[in-house]
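Following the hints, put chain B in place on chain A, whose structure we already have.
Keeping their order, the protein sequence lines are chains A and B.
Mapping to my numbering: the first sequence position 111 is 111, numbers consecutive.
Mapping to my numbering: the second sequence position 47 is 47, numbers consecutive.
Keep in mind that the hints were calculated from the coordinates and are not lab data.
No farther apart than 25 Å at their CA atoms in a straight line, the calculated lysine to any residue pairs in the SDA-like style are these:
no., chain 1, residue 1, chain 2, residue 2
1, B, Lys-165, B, Arg-9
2, A, Lys-9, B, Thr-173
3, B, Lys-13, A, Thr-81
4, B, Lys-13, A, Leu-64
5, B, Lys-91, A, Asp-58
6, A, Lys-54, B, Glu-156
7, B, Lys-67, B, Ile-51
8, B, Lys-58, B, Glu-89
Just so we're clear, the structure is a prediction, and the values are computed from it rather than from any experiment.
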Amino acid sequence: MKTTHLSDKKIQLYTFDLENCENSVIEHIDSCDVCKNAVDSYQLLSKTLKEQPKPNVDFNLTELVLDRLPQREHKPLRDYTIISALIILGFGIIAIVLYSFKNSFINFVEIKDLTSYFIISVGVFIAILSSLDMIKSFNRKINTINFS
Amino acid sequence: MKQDYSIDRILVKKILEGNSIAFKTIITNTQGLVIQIIYKMIKNPRDREDIAQEVYLKVFNKLSSFKFNSKLSTWVGTITYNTCLNFLEKKKIPILNVIDKEGNESWNIIENNITGSIHNQTEDYIFKKERAHILQLEIEKLPPVYKTIVTLFHNEELSYEEISKITNLPEGTLKSYLFRARKKLRESLLNTYKKSDL
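Chain A on its own, in the form it takes in the complex (with noise of 0.2 Å):
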């Protein structure tokens, strides 16, 4: 006959975590109507604990919120596939317009290779990317003092 019982703490793990409870608890409370008991009442709360009704609200959570939101712009994604195009027809016109007047480049800076056409065409692709980005931080400083 057993004398000692289980501990509530090996009760309460055989009743909420079976994975994690050792065969000995088991087997004990298998064999002990006290321990069992225990259980059952441990279960007998959970059941109840799962059985309490739900809070009542009286307010509007969804309406005082979404009156209180602030506005977020719509921004969608921006679309890069316009301004690929743009930079590949750039290299494009750059290197047509380069080949096309080759003699004249030739003599005036004396290249004669194609990787030497492709250095010069990003050269000054580059140059006119930066000469615009120049304008336009210029416009948007002058608007900043126009509005202080």
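Below, chain B alone, put in the same frame as chain A:
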């Protein structure tokens, strides 16, 4: 393991693009959990309403920083729990201990082994309706953190992992708190019935 939160991703993307209907969906999907946490942590009805609004405004403003490391509802739960904790700390309300009138902690857990005599009486005394009502009263007496954990585990049926993420408590500590809370609830229930029987 990294989980696929595709619905959450779609909702968040829509909100970030300015779709307020998607945010309404988030409120609808998560307000049950938010309300449970707030009602267990905060007593004053007026404060509850303010905190509920504050939570969703925080969710809206922080949404772009959500990294999908958990379910969106768990993340909203974490914000709710932390907002309540901050509120209680500001008001100097104890979150783990209940202080009685003499200034003593009344949340003492007695680590006794279970004796048979009490358990044999348990089921004889407890009737369903009364039991639910008394339990509700006893839950209200628990410290806020215990109350919340018990509700999230037993009522909302969240896993240890989810509750751990919401409360930022290690799973071991969480289990220990749950053990204590259940033991306290069971003892309170038994004591109530024993007293009324006398």
